[in-house]
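Visitor: Could you put together the complete structure from these sequences and hints?
Mind the numbering: the sequence shown is residues 1 to 689 in my numbering, read in order.
Calculated from the structure, these hints are not laboratory results.
Yeah, the Cβ is synthetic: ideal placement off N, Cα and C, and Gly gets one too.
Be aware that one or more of the hints could be misleading.
[Stated by the list, open to error] Subject to a maximum C-alpha distance of 25 Å in a straight line, what follows is the list of computed SDA-like cross-link-like pairs (lysine to any residue):
(1) Lys392 with Met425
(2) Lys231 with Thr314
(3) Lys461 with Pro582
(4) Lys262 with Asp381
(5) Lys392 with Lys580
(6) Lys657 with Cys400
(7) Lys22 with Tyr58
(8) Lys585 with Lys657
(9) Lys162 with Glu92
(10) Lys603 with Lys657
(11) Lys580 with Leu530
(12) Lys484 with Leu530
(13) Lys392 with Asp172
(14) Lys483 with Lys585
(15) Lys483 with Glu554
(16) Lys260 with Asp381
[Unchecked claim] Ranges of calculated distance between the beta carbons of each label pair, as one might list FRET restraints:
(17) Val225 with Asn173: 16 to 26 Å
(18) Arg661 with Asn598: 49 to 59 Å
(19) Leu27 with Glu238: 47 to 57 Å
(20) Arg626 with Asp563: 15 to 25 Å
(21) Arg310 with Leu632: 40 to 50 Å
(22) Arg494 with Cys440: 19 to 29 Å
(23) Lys669 with Leu570: 49 to 59 Å
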Amino acid sequence: MAQTEKKGGLLRKSSASKKPLKEKVVLMYDEIFTTEDPSKCNPRFWEELFLMKVNLEYLEGKLEALDGEELMKIKDNINCLFQHCIQALGEEHPIRVVNALQTLCALIRGVHQKNKSTSGFDIINMLVGFDKAELCMKNLMESLDSLLCAEGSESLKSLCLKLLLCLVTVTDNISQNTILEYVMINSIFEAILQILSSPLSRREHGYDAVVLLALLVNYRKYESVNPYIVKLSIVDDEATLNGMGLVIAQALSEYNRQYKDKEEEHQTGFFSALTNMVGSMFIADADEKISVQTNEAILLALYEAVHLNRNFITVLAQSHPEMGLMTAPTSPVPTTPVTPLGTTPPSSDVISSVELPLDADVQTSNLLITFLKYSSIVMQDTKDEHRLHSGKLCLIILTCIAEDQYANAFLHDDNMNFRVNLHRMPMRHRKKAADKNLPCRPLVCAVLDLMVEFIVTHMMKEFPMDLYVRCIQIVHKLLCYQKKCRVRLHYTWRELWSALINLLKFLMSNETVLLAKHNIFTLALMVVNLFNMFITYGDTFLPTPSSYDELYYEIIRMHQNFDNLYSMVLRLSTNAGQWKEPASKVTHALVNIRAIINHFNPKIESYAAVNHISQLSEDQVLEVVRSNYDTLTLKLQDGLDQYERYSEQHKEAAFFKELVRSISINVRKNLAFNTLSQELLLKEFSTIS
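Guide: See the structure below:
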């Protein structure tokens, strides 16, 4: 018997038969694409249609092939198809429901594709008709809500979420998607929360639910009252918030694991051998090739949760096993096409791993640690646009955390110590830190480490000024909390001071190049004021008196950099140029640093002369410092412990608009390729009773 081949909705025998045969469903689609009512000749047309396996490719292709005028001619049939799809969602037979959901996906995508080139018709009118739009969309949303909340098939729930994601992302700019008005009026917020609060549903659908929620929250968020923003901001159910946190943690953990795997491949493979041959100077180039696609969608969900919901802050510190170290279940997992991370959810085995019982030998982690590790990876390379956006969003999230009183309380809690292995950029002048030597410390130490790491590793021609400003602001906000609550943090403050001084040195060395693009005095002022904060209030939050002495030692040791900075800002503040005002602010801010240098340097020189020492040791300099504090006069500077709180709408609206646009395109692209496959669905519903 000759084998049958299928292509583009056509069936043909592989023998000499010349005329291809069309599938029945394709013939039925062709009837819809005429001006006649297809149910005239066949009263059971719509009933039969939803028993046929959907041919997404053919249906979408048919819609795309028509121009706007041709599509308007068959508008009544399109409306009829849309309405019958909605009716079929209430059917008992799951096959009909599956086919109706898939047909809706094809219809929505196909009609929106036409709208890109033709503005001669309205999307809502084309799909449902103005007169029936409100009722139809209400019925659609109610049906989807019922399917998502029901005890029934997980595959149906998955398809409902895919349809909703399809609905939300058909336009690049989701705020221009008028269909979403009906999703605002007929909320599915509670259905999303129900998925997140149930371990089984969360495992299967958590990722899609969280991404969907993040996108819905961003619909016209600055222009009107978005009910999803209002509802998300007041959620206080612990199980729901923890469920959301787990989904986010799992997706970020999966990214971290993939990166680590690629890093290990590099170290054991060709690059490792080549590095040994040509020397360590090659390390940076080799490691630049380690790239795993970033996951902005899940990061946006984390941001919205942290920014909008005060109760979510507690979730950041909820302990769970280190996900990357957990043993995955041995049950087989269905194979799916491999796509880049950031477009698809982590596999079900990764998601289920966190539900396993705790192992005493496994390192305890939490969402904040997972997020800090993720940040340390994506913030390494800001040359790539996606990583730059991801890095910026990471810093915005950390800004929100650094401003929160409760978050600061657990960040600085001495009873909550963790070993956080941040990724560090390979650099020629430093050795790679051994993971095993990491101490257990309060979480704020890891945040400060991350900020120091960023400061040290991004002094380059394409200077990421915006990220540096955010970085310094985060450090400042943490210091304000420490000063206010008199928290004496045992941290290697010298590393921070050294990084800040080197940053000032970089700004001065590249003054001409940087001033052509940036106002470097804003950043310089922030750095100088961090030192002023330590000088003025350091005795209230530095761990020991000797730490305060070491601060003075570093300022004196690196005095040449502060002298050079003063010369530069003095020169520009006395000229009548555009930098006169910002440079003069730095001049005034340097008053106490200069007082320290001018007070102690002569004392140190005198001590060296009296004792006939050509070069003083650190201990000798510290001795001079300690014995001459009483004659030092400093000016009290106001406002050092004050800061402007983060505001999204006034400063970040453009960034989030572009970010959400990028996420929408990414989610839509992924839906178009592999997530609407029917094979598993039809296998599940292979019999119709």
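Visitor: Go through the numbered hints given earlier and state which of them the structure violates, listing their numbers in rising order.
Guide: 5, 8 and 10
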